[in-house]
Amino acid sequence: MLLKVENITTCYGQLTALRNASLSIDEGNTLFVTGPNGAGKSTLLKTIAGVVSPVEGSIMLAGSPVTRKTPEDIARLGFSMVPEGRHVFGSLTIEENLRLGTGMLTDKSGIAEGLAHVYELFPMLAERKHNPAGVLSGGQQQMLVIARALMAEPRLIAIDEPSLGLAPLVIDQVYDALLKLRETRGLTLLIVEQSSTRAILAGGRMILMRSGEIVLEGDAVQLSKGDALQAAYFGYGEH
Amino acid sequence: MTAILQFAFDALSVGSIYALGALGIALIFGVMRLVNFAHGDYVAFCVFALLWPSIDVVAIVFVGNLPWYLLIPVILAIGAGLSVLSEILIFRHLRNSNPATMMITSFALGFVLQHVLLMLFTSRPKSINLWSNLSLPVELMGARIPLLQVITIVTTITILFALVTFLKRTQFGIEMRAAAEDFTMARMLGVRANRVIMAAFAVSGMLAAAIGLILATQTGTTDINMGMPIMLVAFVATVIGGLGSLPGAVICGFLIGAATVMLQVFLPLEARPFRDAFVYLAVIACLVWRPQGLFSPKSARERV
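Heads up: the protein sequence lines correspond to chains V and A, in order. For the first sequence, position 171 matches number 171 in the working numbering, and the numbering has no gaps at all. For the second sequence, position 93 matches number 93 in the working numbering, and the numbering has no gaps at all.
I should point out that these hints are in silico values taken from the structure, not numbers from a laboratory. Where is the CB? At the ideal position from N, CA and C, for every residue including glycine. Possibly wrong hints are sitting among the right ones.
[Claimed, not checked] Distance condition first, Cα-Cα at most 30 Å in a straight line; then the derived BS3-like pairs of lysine-lysine:
1) V:Lys108 to A:Lys126
2) V:Lys108 to V:Lys129
3) V:Lys69 to V:Lys129
4) V:Lys4 to V:Lys225
5) A:Lys126 to V:Lys129
6) V:Lys69 to V:Lys108
[As the list claims (entries may be wrong)] Now the stretches of chain A that chain V is said to cover, found in silico as 3 or more residues with beta-carbon under 8 Å:
7) 75–86
8) 183–196
Modelling step: build the complete structure from the supplied sequences, incorporating the hints.
Now the structure itself:
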């Protein structure tokens, strides 16, 4: 098991953003996290990444306990995170952005190949590799952060809403690339999406979150067949 | 022509010190949102490191007697060491506190340093003879310019050039720039927070030491308060430059230097004692016009 999250609870001050959440992913598998705004999806990812500390629970990554580890230590275990919002380094060039995550790699031989791969995936980045990343449009910045996360040669990549701000055609490209890496390199995917559509297309397991809790879990295709998903998403039957 | 040259050299050499100071402050602010008000006291500390502690009226020169090629690295190392030590012992433990808490702590550290110097050396300014032959003027296209001014400007440009090369060309430099812009994201890419912050403190301390050496040579005196006025102007320069922007800090350091020298030359004689009032009036106007600073980085605007 690559990632095992057990009963974590995360608070921002008085507010409990994530309550008693558990999940696990095997290497080479995909887990989608869906749910409405404010369900705690981003908090879940941030807690795993070590950006916020859980008040309770434990997280194991690649066999090591990482519950109160720093983000850089967790990244060095092969966890690559694409947080919500576009966190490009605007004053750095595109190529500097891409190279940033490679600083922790002990084997530098794959960097050139990695660059070639992401440039092939997003040719637009290659055209402007020496421009500051700040000049990119929103969608282009989203491509850059995904490309940058791939450059770190992760075992597990966590992406918070990859489709946000991207044209449908580009979203397809991004997913194609991710799924291909899943096949060829055994890359594990942890993806947050508001809707379940992508999860159904890509296949894999899915969890649904609402009000800080995981309310439903199962195979994405199976879950989408019944009414349970819709009911859980909107909270039918509770009012 | 000679007047213009004279003016340019005056402005650049005054601006150099402000720019170096502003850079030292901006570097630390960039990586940990700390405005380090103890920075000026690092400057004074490095100057006093040239002397042997004594309460005598006459300074007992100690490190200051070393040949220049030893003296400069020793003083730079003292500056870097003091700065790194303050991060390890104090600022590291405040990493996630409110910026106001960190600022007040840096004030307190400044007072502690100042009073340590006071205990060891008394508050009486002492004269020190450090490379005094550098104050002799050189003839340059008809203008008589103190050699020290030329050296100050050349040194500053060399330091800036070296720093730009470090920040642009090395992996560590790129990590430092990234950390200054978005610290959390940089860490999520495996950038080691402690190392980057310690490096920023070390560089910042060396910049303070460089200012100390220039000041000691220029004025020929040591005074426990000598870093304060520089720190104040340098801080103002970082704010006008846009907090967190390194080029902004440097450019505004030079701008304030130029404005100061220009006012000194062009103000009517009766108004000259109030020169700083005019400088700071310009600062206020600048901030009213652009509260975020002239070169505010994107990251300063939207940072969670």
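Hints, verified against the model:
For a cut-off of 30 Å, the pair hint linking V:Lys108 to A:Lys126 is broken: about 55 Å separates their Cα positions. Under the criterion of a C-alpha separation no larger than 30 Å, the hint pairing V:Lys108 with V:Lys129 is consistent with the structure, at around 20 Å. The hinted pair formed by V:Lys69 and V:Lys129 fails the criterion: a straight-line CA distance of about 33 Å is larger than 30 Å. Between the alpha carbons of V:Lys4 and V:Lys225 the distance comes to roughly 27 Å, so the proposed pair stays at or under 30 Å and holds.
Distance check on the hinted pair: A:Lys126 and V:Lys129 sit about 55 Å apart at the alpha-carbon level, beyond 30 Å; violated. Distance check on the hinted pair: V:Lys69 and V:Lys108 sit about 25 Å apart at the alpha-carbon level, within 30 Å; holds. Using a Cβ-Cβ cut-off of 8 Å, 0 residues of the segment 75–86 of chain A lie near chain V, which falls short of the minimum of three, so the contact claim is violated. Here's how the segment 183–196 of chain A fares: 10 of its residues keep a CB closer than 8 Å to some CB of chain V, so the rule of at least three is met and the hint holds.
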